[in-house]
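Next come the chains, spelled out residue by residue.
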Amino acid sequence: MLEINDLHVKLEEEDKTILKGVDLMIGPGEVHAIMGPNGSGKSTLSYVLSGRGGYEVTGGSATLDGVDLLGMEPEDRAAAGLFLAFQYPVEIPGVGNMTFLRTALNAQRKARGHEEMSAAEFLKLVRAKAKDLKIDADMLKRPVNVGFSGGEKKRNEILQMAMLEPKMCILDETDSGLDVDAMKLVSRGVNALRSEGRSFLVITHYQRLLDHIVPDVVHIMAAGRMIKSGGKDLALEVEQNGYADLLGEVA
Amino acid sequence: MALPQIKVDATEARLAALTRPEGGAWVSAARGDALARLGAMGLPGRRDEYWKYTRPDSLTQPDAPQAALFEAGAEAPPFDDIDRLRVVFVDGVFDAGASDDLSMAGVEIERLADAARSDIHWARDLFGVLEVRGQSPVERPLAALNTAFAADGILIRVTGRATRPINLIYLRKSDASDVILHHCIRLEEGADLTVLENGPAAARFNKVMEVDVADGAAFHHVCAQGRDHERRAATHIFARLGRESTFKSFTVTVNGQLTRNECVVELTGDDAVAHVAGSVLGDGDFLHDDTVFITHDAMRCESRQVFKKVLRNGATGVFQGKILVKAGAQKTDGYQISQSLLLDEDAQFFAKPELEIYADDVQCSHGSTSGAIDEKAMFYLRSRGVPLAEAQDLLVLAFLAEAIDEIEDEAIAADILTRLEAWLSRRRG
Numbered sequence: 001m002l003e004i005n006d007l008h009v010k011l012e013e014e015d016k017t018i019l020k021g022v023d024l025m026i027g028p029g030e031v032h033a034i035m036g037p038n039g040s041g042k043s044t045l046s047y048v049l050s051g052r053g054g055y056e057v058t059g060g061s062a063t064l065d066g067v068d069l070l071g072m073e074p075e076d077r078a079a080a081g082l083f084l085a086f087q088y089p090v091e092i093p094g095v096g097n098m099t100f101l102r103t104a105l106n107a108q109r110k111a112r113g114h115e116e117m118s119a120a121e122f123l124k125l126v127r128a129k130a131k132d133l134k135i136d137a138d139m140l141k142r143p144v145n146v147g148f149s150g151g152e153k154k155r156n157e158i159l160q161m162a163m164l165e166p167k168m169c170i171l172d173e174t175d176s177g178l179d180v181d182a183m184k185l186v187s188r189g190v191n192a193l194r195s196e197g198r199s200f201l202v203i204t205h206y207q208r209l210l211d212h213i214v215p216d217v218v219h220i221m222a223a224g225r226m227i228k229s230g231g232k233d234l235a236l237e238v239e240q241n242g243y244a245d246l247l248g249e250v251a
Numbered sequence: 001m002a003l004p005q006i007k008v009d010a011t012e013a014r015l016a017a018l019t020r021p022e023g024g025a026w027v028s029a030a031r032g033d034a035l036a037r038l039g040a041m042g043l044p045g046r047r048d049e050y051w052k053y054t055r056p057d058s059l060t061q062p063d064a065p066q067a068a069l070f071e072a073g074a075e076a077p078p079f080d081d082i083d084r085l086r087v088v089f090v091d092g093v094f095d096a097g098a099s100d101d102l103s104m105a106g107v108e109i110e111r112l113a114d115a116a117r118s119d120i121h122w123a124r125d126l127f128g129v130l131e132v133r134g135q136s137p138v139e140r141p142l143a144a145l146n147t148a149f150a151a152d153g154i155l156i157r158v159t160g161r162a163t164r165p166i167n168l169i170y171l172r173k174s175d176a177s178d179v180i181l182h183h184c185i186r187l188e189e190g191a192d193l194t195v196l197e198n199g200p201a202a203a204r205f206n207k208v209m210e211v212d213v214a215d216g217a218a219f220h221h222v223c224a225q226g227r228d229h230e231r232r233a234a235t236h237i238f239a240r241l242g243r244e245s246t247f248k249s250f251t252v253t254v255n256g257q258l259t260r261n262e263c264v265v266e267l268t269g270d271d272a273v274a275h276v277a278g279s280v281l282g283d284g285d286f287l288h289d290d291t292v293f294i295t296h297d298a299m300r301c302e303s304r305q306v307f308k309k310v311l312r313n314g315a316t317g318v319f320q321g322k323i324l325v326k327a328g329a330q331k332t333d334g335y336q337i338s339q340s341l342l343l344d345e346d347a348q349f350f351a352k353p354e355l356e357i358y359a360d361d362v363q364c365s366h367g368s369t370s371g372a373i374d375e376k377a378m379f380y381l382r383s384r385g386v387p388l389a390e391a392q393d394l395l396v397l398a399f400l401a402e403a404i405d406e407i408e409d410e411a412i413a414a415d416i417l418t419r420l421e422a423w424l425s426r427r428r429g
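Protein sequences, first through last, are from chains F and C. Oh and the first sequence: position 145 is 145 in my numbering, straight run, nothing missing. Oh and the second sequence: position 139 is 139 in my numbering, straight run, nothing missing.
Mixed in with the good hints there might be a few duds.
What the hints assert, rightly or not - Reference excerpt, derived from the structure (chain C facing chain F, CB under 10 Å, subset only):
#, residue
1, Val132
2, Arg133
3, Phe379
4, Glu390
5, Leu395
6, Phe399
Since the hints were derived computationally from the structure, they do not count as laboratory data. Note that the structure is predicted; figures quoted are calculated from it, not measured. Ideal Cβ placement from N, Cα and C applies to all residues, glycine included.
Construct all of the structure, not just a fragment, from the sequences and the given hints.
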């Protein structure tokens, strides 16, 4: 599924290297979590994979099912099955949430050589998926993320994920800004999407999200590299002892 | 002060190319007066402050510059799905055959060319009257020229609620037509009318619309200005608003060599409301100028200006907007925003917002911005699979939609939005 080898990335405008040789291999249907202190490069990794500007890849590779991701435009990566749930979903005044979802869905279908979905079919689908995430008709009608609470924004990200049915989902600190109930709701949405053909990369600061979205593998990232990998217990260890011990081990 | 010789010469040259239309007593008096006023002020020149950003030369030169007709393809004309009464002009001449029957309950519709033959007419109190009021404190010579020389146009008097909008359609068949049209619209107390306008009109179009909105009346206006790349247009709306009346005007303009739309509104009765809005898409060597002047001369009136322009490939946008609050116009609520989205480095936007306030208990605000497309929003859309060009168009539409939202009638607003969508997607190919 997702294969990252020795990935080196620097900021485009500054002489600052963020990722210093990241290796990661996620198989089909697996859920991996990345934890790590602030500034370790977790979010940068998610942005570089999804194609945001401002970064320069200076070495290494990232492929999705053998296809080189790094040379593709962001929209082509999406069509190839990559999805990033944003840490800070963007507000887009003037673009209706429904219009946005439908445009995105049909653009991806078109890119994959499928027929566009009819308005009626789309409406039926979006209503059903929205209901599961407790997203009401009003939220669907409003401009994308405008006036949404933190929780609503994150639920909206999961709705997009559910509609677009990607094969590789990256969740960038999806738990930030969520209360316990919202986190449960979002987690349930994510768990409902877990399947043999779909993999997840969950980036988080806190172990508690991983109580709800239980990972197969946990990686600890620090200073632009993965410094340790293990089972879900590794997250508990971090929660109890902090990163200091781990960082010390490596040093 | 004497006019500079260069202005005298330019004005005389232009007048020599025009023919004064024949007419009865009422209209001849108004035309004669307008001609005298025009002679005294002269046509606008590029040194005039009011024409600082827009060169008037091609609007004032004796003959209309050639303008190739534009093949719009198979697209339906604007407002096609709206139940409306169509009034058609072809290169500035009323076409009865192409128009609908001009009768509607509570509405008198008459061609200016017909009304001008009589010696007395209700339009005497309106024709050129609001135009004169709009000449101060800023001169608008092209409007005076219009009053002096317009041979045709439409006169509408509304006494009740019009059952459907009146759609003025300006067709164009000549690549050298130089058209002057003058409309007068009077809404009597409590009356209600929507006027729609569309079509390329002419190679060079000079249009004046005078609108008198009596107490408690409501006037709505939506204009889709022709897409013809080479056409030129100078239009004026002069409106006077009575107590508790409403005036709402929206114009969408796509391309066109040169467009200058002036809107002059005078709030003369307490609690009146005036909204003027516009959306512009300029892609190429086009100039679009919105010049608005709103005078508050009564208590508790509200005025609102919302202008949005999307510019690229050398397109230029101009906005000159003024709110004048006279002494005594207390509790005025004035708002003005002009914004441009510059899609590349060749596009430019000039904005000159002005407030002049002589009352002490008012609320007035204005803002003007120009900027590039929001990269964060672009990435968000693209990360969901929306291709670059489509994502850009979505954001362009969203930007323009804020002005389109000013249109009250949802079906008409949807018509405008759908049209812009179609234009954008066709350009995308």
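To see whether the hints hold, each was checked on the structure:
The beta carbon of Val132 (chain C) is not positioned within 10 Å of any beta carbon in chain F (closest approach about 40 Å), and the interface hint is therefore violated. Annotation: Arg133 (chain C) was flagged as interfacial toward chain F, and the flag is violated, the nearest CB pair being 37 Å apart, outside 10 Å. Because the closest C-beta pair between Phe379 (chain C) and chain F is about 5 Å apart, less than 10 Å, the hint holds. Hint status for Glu390 (chain C): holds, given a least beta-carbon distance of 7 Å to chain F, under 10 Å.
Look at Leu395 (chain C): its Cβ gets to within about 7 Å of chain F, closer than 10 Å, so that hint holds up. The beta carbon of Phe399 (chain C) is positioned within 10 Å of a beta carbon in chain F (closest approach about 6 Å), and the interface hint is therefore held.
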